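Enquirer: Letter by letter, the chains look like this.
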Amino acid sequence: MTSALTIRHHDVVVVGGGAAGIAAAHAAASNGADTLLIDAGPMLGGELLSGIPIDGCLNTRGEWIVGGFLDGLLEECKALDGFVGAFFDWRTIWVVCCDPETMKLAVARQLDKAGTKILLNSFVDEVVTDGGRVKAISVLNRNGRTLISAGTFLDCSGDGDLAVGAGAEFLSGDGKGAYQPVTMVFRMAGVDSDRLMQFAEEEEENLALRENPWIKETREECLRALIKQGYPKLFLKADGPLMAKSIEAGELYPTALIGVTPVSMRRREVALNTTRVANVDATDTRALSATMPQLIDQVWNCQSFMRKRVPGFENAAFAGIAPRIGIRETRRIVGEETLDGDDVLAAVKRTDGIAKGGHHVDIHGGGTDQVRKPIRDGGSYDIPLGCLLPKGIENVAVAGRCLSADRQAHGSARVMGTCMAMGQAIGTAAAIASDGNDPHPVLGEVPLSRLRERLLDQGAILDGTH
Amino acid sequence: MGNAIWDIDTDVLVVGGGAAGVSAAVTAARNGARVTIVDGAPMLGGELLTGRPVDGAIALDGRRILGGFADDLLRGCEKFDGRSAVVCDFDRRNVICMDPEAAKLALTELVFGSGVSVLMYTAVDQVVKDDEGRVHGVIVRNKRGRSLIRAKVTIDASAEGDVFTTLSNAVQEDGVYADTRKVDLTMRMSGIDAGALLARASETPSNFSLLRHTRFSDRSDALSKFREQGVPILKVPRESPLLSGAMGPGGRLPDLEAIEIAPTSALRREIYVRAANVQVPADRTVEAASDNYTGLHAQIETIIAFLRESLPGFSEAGLAAVAPQVEFSGGRYAKGDVVMDTATDAGAPVIALGCGVADAEIFGIPFGSLLVNGTDCLLVAGSRISAAQSRRADTRAVGTCMATGQAAGLAAAMTAESGGSLRSLDAHALRKRLMDQGGVLEATS
Ligand SMILES: Cc1cc2nc3c(=O)[nH]c(=O)nc-3n(C[C@H](O)[C@H](O)[C@H](O)COP(=O)(O)OP(=O)(O)OC[C@H]3O[C@@H](n4cnc5c(N)ncnc54)[C@H](O)[C@@H]3O)c2cc1C
Ligand SMILES: Cc1cc2nc3c(=O)[nH]c(=O)nc-3n(C[C@H](O)[C@H](O)[C@H](O)COP(=O)(O)OP(=O)(O)OC[C@H]3O[C@@H](n4cnc5c(N)ncnc54)[C@H](O)[C@@H]3O)c2cc1C
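Protein sequences, first through last, are from chains L and R. Numbering that gives the first Met the number 0 applies: residue 0 is where the first sequence begins, and numbers increase by one. Numbering that gives the first Met the number 0 applies: residue 0 is where the second sequence begins, and numbers increase by one.
Bound conformation, chain L alone (with noise of 0.2 angstroms):
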């Protein structure tokens, strides 16, 4: 730690190496820019190394609204023995289920092939701003403080740190203190996933299946489809006769649903997505930091009934939590334009649209509370540039759950696929801005025309599906 500050310069930088991050450096990278990817943590790939399965890849009917980014990492995946498949929960997603850790190798190779430049275990602690522009940052880490300026800045930091400190307005929660829950996702290991499958079969009346009208098959059917697909990939829910009867004795704590994700066939290993502690403002490190002994308390005590009730787990090992306590919500930028809920129910399309989503509204709240609204047949929508660009700051770009959307939207395009596409976005317009050479490049200048012909010559997906 020295007081003396080191300088670097970069066409682009981008902040927070999640989902969205990860896609928005690759983007920027892979068009030509000079990129800087920077996060405060010791890796890169955010939620995508917890175990949880990639959704809003894929709308409800199955048609892929994410390409691009999205379609080199799982490449890589397969070629690294990670990927396990995309699968229907015949409830109302598509999801696609890799190894969490594999993916931490298929992380550094898509960002290797592209030429993206990474700085890790540096903090984005201030901004610098002149007019709407953001001229610098300010990095902490352990050698120091480097300012780093750059033509533009992408923040991907979920919490929206760098728009916040540029000065960009914000919503957070829903205004009174409300957010969605923080999570530790966890693993187990050595699953008998036919002798779950079968458990399914036989007691159905535990799983959630058939939450979107547009599938026309009965429970019935798509309880016999979920089966003969084959995989441990479920959702148990709260109002099921076994998680009902666990939460009224107390050996169970209340909530929602436990999601079952496969991540590895060959460890026969499945995540858990369960454990929650809501309405704490993860901005607060104090607050964040206290919820552990909590979210500790539940993965046992949710491993110890996945053993003790459910069969197919009887013989299963806990094989670890995810790396970092998961954060579902927090500020949303205010932008150029704002996401709206209806719209994203509606699955309303547009023709100045950078990325698609088609998730449904999932705010998770305390409790067994979870609000869950499907879009209209099982479709998309799209989502435009002015959602990502901060209002008033013309450099700057954000993607990912800080994106400028109403709550209720903010609830649908939170999900990592949905992520990527808005990284992939952002990155290639701020590869675009730096192209010509301009000092002073202006994102909401980049040409929409050329925005979008650039990204669906590289596989992103715009346009022609639900």
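One thing to keep in mind: the hints can contain errors.
As the list claims (entries may be wrong) - Pairs of lysine-lysine, BS3-like flavour, derived with a Cα cap of 30 angstroms:
id, chain 1, residue 1, chain 2, residue 2
1, L, Lys112, L, Lys134
2, L, Lys390, L, Lys116
3, L, Lys244, L, Lys227
4, L, Lys372, L, Lys348
5, L, Lys348, L, Lys390
6, L, Lys112, R, Lys181
7, L, Lys372, L, Lys244
8, L, Lys307, R, Lys78
9, L, Lys372, L, Lys175
10, L, Lys215, L, Lys348
11, R, Lys181, L, Lys116
12, L, Lys244, R, Lys78
Think of the hints as simulated: they come from the structure by calculation, not from any bench. Since the structure is predicted, the reported quantities are computational estimates derived from the model, not experimental observations.
Since the structure of chain L is already known, use the hints to place chain R with the ligands on it.
Expert: Frame of chain L, contents of chain R with the ligands only:
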């Protein structure tokens, strides 16, 4: 990112939540101190999270040299199905093998359960000291903003000397001038067939680091016991025909120091693998480690492929986990009241024990090697305590880090309570209380 500075007042501040830091924090809290621990990472545990075997707990002759906090941790792991085992490497050491995933849960329970106030994702920004060089605390940085944490005693358990290196004359010079540091990225693999591996090792021991201690001079007896133990613990050194043939120009492996494996979970048939590494300039470690992030991950791919093809027992094995962070060797060591070396006077009151990596001899660590030169109110614990080059490989062992952490935590709590200075602390009273709390200061069988 606010500009306000929050004010936190505590008796004992622990910087760093690795083996040493958590041991110090829990011990101080249990001894009545108000304790705050800060760690820059998203998870407590530091290098414990790699799943590496714990040295410095059981000497090669089987005697216990560690107790107290370590016992609580192992019991905690047990509760979370992490069955630890004492394992002999049939070379030079006994280690305790631990499941790092169970350890994450156990550590959380121990730290929060003892009432320690925890700030994760929080890194030290500045050290607060007065004209006499006394450390009064630190300013930390996190998403909430800056906080001034004022403490009666600060314990630097950062493994990088992030507190003591800001003081004058508190660093041993030799470490500072090393040009490069080694960065490792470890991993875990599952699905190995231990029997096949051990059979090969016993047939061709020359490929492995085995039997170097005189204890194993009856080679065939030792090798049969090694096979009987049935546990996959092995080191393939770079000089071995197996590795040397695969490294260098045209070879498929990067330049490795060794491939080391040890068990982490019998339940998951899982092992720890240390191999991937790279040298980086010592003066810009964060940047250099970041520059090598993708390269280290690529090494892991290569090493897995190599193991699957070249070592029996690995044909069905695959990746189970990549360690949560890269790790550094080398760097800066504290200059303490005592700079311990292999000749350090055993007469000085000993507050922790260690075990020599090379000679398997037990040695004592004096309190003076935790007291940082020229300053008061600051202790160092863990891998950076004041030891000369000849002792550093031993004092940085995970078990020894827990032992020095425990001693530092207790010393800090006693000092905070009495209001005196660290240097006037009665070392005999410290020893007695440590032993009352399970600390091992005389090796026991
Ligand atoms: C428990 C849980 C379950 C979920 N389930 C699913 C699911 O099944 N499928 C799905 O698709 N989605 C799911 N989601 C939603 C989804 O995972 C997240 O919304 C998404 O990953 C957010 O990605 P992001 O890139 O926007 O942000 P994040 O992944 O939060 O990444 C932000 C990054 O920025 C870094 N950062 C933040 N501030 C700074 C700073 N000041 N300086 C430097 N770096 C900084 C952080 O370290 C972090 O790595 C779930 C979320 C949670 C928490
Ligand atoms: C490659 C390698 C192999 C090894 N093999 C073995 C082995 O087989 N057996 C063995 O016993 N030992 C081994 N060691 C040594 C041992 O792992 C370490 O010395 C020991 O774990 C260090 O413990 P610690 O508590 O001192 O530090 P760490 O575990 O490194 O913890 C330090 C903590 O401090 C935090 N931190 C650092 N700086 C700051 C800051 N400024 N602000 C806030 N937080 C901060 C970090 O995030 C980290 O969590 C090995 C070491 C390496 C590098």
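Enquirer: Regarding the pair Lys181/R and Lys116/L, is the alpha-carbon distance no greater than 30 angstroms?
Expert: Holds, at about 20 angstroms.
Enquirer: Is Lys244/L within 30 angstroms of Lys227/L, Cα to Cα?
Expert: Satisfied, since the Cα-Cα distance of roughly 28 angstroms is no more than 30 angstroms.
Enquirer: Holds or violated: Lys390/L and Lys116/L, Cα atoms, limit 30 angstroms.
Expert: Cα-Cα ~28 angstroms, so holds.
Enquirer: Does Lys78/R lie within 30 angstroms of Lys307/L when you go C-alpha to C-alpha?
Expert: holds, 16 angstroms
Enquirer: Taking only the CA atoms, is the gap from Lys244/L to Lys78/R under or equal to 30 angstroms?
Expert: holds, 25 angstroms
Enquirer: CA of Lys112/L to CA of Lys181/R, is that 30 angstroms or under?
Expert: The given pair, whose Cα atoms are some 25 angstroms apart, holds under the 30 angstroms limit.
Enquirer: Can the restraint linking Lys348/L and Lys390/L be considered satisfied, given a maximum Cα separation of 30 angstroms?
Expert: Distance ~23 angstroms between Lys348/L and Lys390/L Cα, so the pair holds.
Enquirer: Just to be careful, I want the Cα atoms of Lys372/L and Lys244/L compared with a cutoff of 30 angstroms; is the pair within it?
Expert: Holds, because 26 angstroms separates the two Cα atoms, which is no more than 30 angstroms.
Enquirer: Does the structure keep Lys215/L and Lys348/L at a Cα separation of 30 angstroms or less?
Expert: holds, 23 angstroms
Enquirer: Hey, Lys112/L versus Lys134/L, does the alpha-carbon distance stay inside 30 angstroms?
Expert: Given pair Lys112/L, Lys134/L holds - Cα atoms ~28 angstroms apart, limit 30 angstroms.
Enquirer: Between Lys372/L and Lys348/L, does the CA-CA distance stay at or below 30 angstroms?
Expert: This hinted pair holds, its Cα atoms lying about 18 angstroms apart.
Enquirer: Does Lys175/L sit within 30 angstroms of Lys372/L, going by the straight-line distance between their CA atoms?
Expert: Given that 30 angstroms is the threshold and the Cα spacing comes to 22 angstroms, the pair holds.
Violated hints are absent here; each numbered hint is respected by the structure.
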